[in-house]
Amino acid sequence: MTAAQGGDRGALDQLLRRHYDRVHAVCRRITGHEADAADAAQEAMIAIVRNLDRFDGRSSFGTWAYRVATNASLDELRRRKRRATPTPHDVHDDDHGHAEIADPDSGQRIDAIGDHMALDTALRTLSDEYRVPVVLRDVADLDYAEIAAVLDIPSGTVKSRIARGRAALAKALETQSLAEEAGNQHPDPERPSRAP
Amino acid sequence: MNEEELPIHAELASAYLDDDLDATQRASVAADPEVMVVVESFAQVRAMLGEVGPVVDSTRTAAVAAALVEFDSLRGAAARAPAPRLTPVASLQARRMRMYRVVTGLAAAAVVGVVAVGVLNLSGSDAKTSSVALDSGATAGTAVAAEAPQPNNKIAADTAGAADATAIESAAAAPAFALPAIDTDEALSQYVRDVGTAAAQSTAAPAATRAPAEAAPGGYAQLPCLTSDQVVIGSIMFKGESAVAVRDTATGHILALDALGCRVLTEITP
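Those protein sequences? They're chains P and F, same order as listed.
The first sequence runs 1 to 196 under our numbering.
The second sequence runs 1 to 270 under our numbering.
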């Protein structure tokens, strides 16, 4: 980190690569869309470089990077507010064609895609103020104090929003699962069931 | 979502999942099956959120590359920004080197001029009017040697031109203090004209002649009798005395001053 701040390009390269995947994961869950996540993660990387001098080490670099990623994701959402809801085909493309018919594991992968879609749909039902704390907790693994610092809200508020967000997500997923079951009166016997 | 939508036990279950309860509360939650059902549902949510999937290498590489391009751009801008501050540092060294070359080269040029005058005078019909000559045993080269290494060398400082390699080499072996011997006002005028001509051929000369204190640091510029308009042309032996030839740029007067006491040995009006 210090070397990167000192202008060491190689050190910066390593630093960015080391944190990219987690940054991308945060962006993916906040934006709910692969392409948006890629754009947001790239914007986050660039923003990290631009603001590297301002990182004062009071928090960990990861926490700071997640803050940058969160802002980049929310910016991306604002920019693409009018984007149409992804279709199953979009998700298929995002996951790089995992659902090939000839693939013997295609059934499980289609289920995974279904899970992704269900989760993305559930996440979209949450407002930013609930979705972001949950993502920072469950994806970025930040503690309450770190999330409070990232979002600049009290720690108690973070705790409450996470609880509400999780409850809302659990409810949305349960509702979708029930709807799916209702719509599948004659389930395909070749397709393994997802949840126990 | 509002307060009414918060399921019962949600905060407790969430805190349990995050290990944010003390031992007593934790034991209480663990003993309550209803709360544990909520904990389990939250744990499933967490697991699903964490299943983002692997990042495509090309996506990562593209993002990092874009960031490094930004880094390079910022560094490039930063490197350009302090350039005005760095340039004088490099320029100063270059200037010093150039000054050294100018000193040696122009000393040679000036002495060549003096020698030429002397030779012309000596070769003339009236040998007695030859008032400019080198000290016995001194050659043009020795004159250069006397001038070039001296810190007080105003000729070198005031004049500029291409270095005469031969003269410089001769200078290296020359005895010190071999100054042009000038015995008459006319010879002094001629000497000043010759040196002035050599100086005029140099692009560096104007700046030097306008700033004698700078041009002859630690030397003649420290003579208390010099005014800001008076430019030291060079050190000479005037009528057997160690002197400096001075030109007053304001009045055009040419003077020979005692090098030690500033006494005016002669003053020639134009």
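If you are wondering where the hints come from, they were derived from the structure by calculation, not from laboratory data.
Given the structure is predicted, the values throughout are model-derived calculations rather than measurements.
Glycine included, every Cβ here is placed at the ideal spot set by N, Cα and C.
Fair warning: there could be bad hints in the mix.
Derived DEER-like restraints, expressed as beta-carbon distance ranges [claimed, not checked]: (1) F/31 x P/6: 50 to 58 Å; (2) P/155 x F/26: 16 to 24 Å; (3) F/30 x P/9: 48 to 56 Å; (4) P/125 x F/76: 39 to 47 Å; (5) F/24 x P/157: 18 to 26 Å; (6) P/55 x F/23: 51 to 59 Å; (7) F/44 x P/17: 40 to 48 Å.
The hint says 51 to 59 Å between residue 55 of chain P and residue 23 of chain F; measuring C-beta to C-beta, is that right?
Since residue 55 of chain P and residue 23 of chain F have Cβ atoms about 37 Å apart, the given range 51 to 59 Å is violated.
Does the beta carbon distance between residue 155 of chain P and residue 26 of chain F stay inside 16 to 24 Å, or does it fall outside?
19 Å, holds
Just to be sure I understand the hint, the distance between the Cβ atoms of residue 44 of chain F and residue 17 of chain P should be within 40 to 48 Å; is that true here?
Since residue 44 of chain F and residue 17 of chain P have Cβ atoms about 31 Å apart, the given range 40 to 48 Å is violated.
Is the hinted range of 18 to 26 Å satisfied by the C-beta distance from residue 24 of chain F to residue 157 of chain P?
25 Å, holds
CB-CB spacing for residue 6 of chain P and residue 31 of chain F relative to the 50 to 58 Å hint:
Since residue 31 of chain F and residue 6 of chain P have Cβ atoms about 54 Å apart, the given range 50 to 58 Å holds.
Do the beta carbons of residue 30 of chain F and residue 9 of chain P sit within 48 to 56 Å of each other?
51 Å, holds
Between residue 125 of chain P and residue 76 of chain F, does the beta-carbon spacing fit 39 to 47 Å?
This hint holds: roughly 46 Å between Cβ atoms.
In this structure, the earlier hints numbered 6 and 7 are contradicted, and the remaining ones agree with it.
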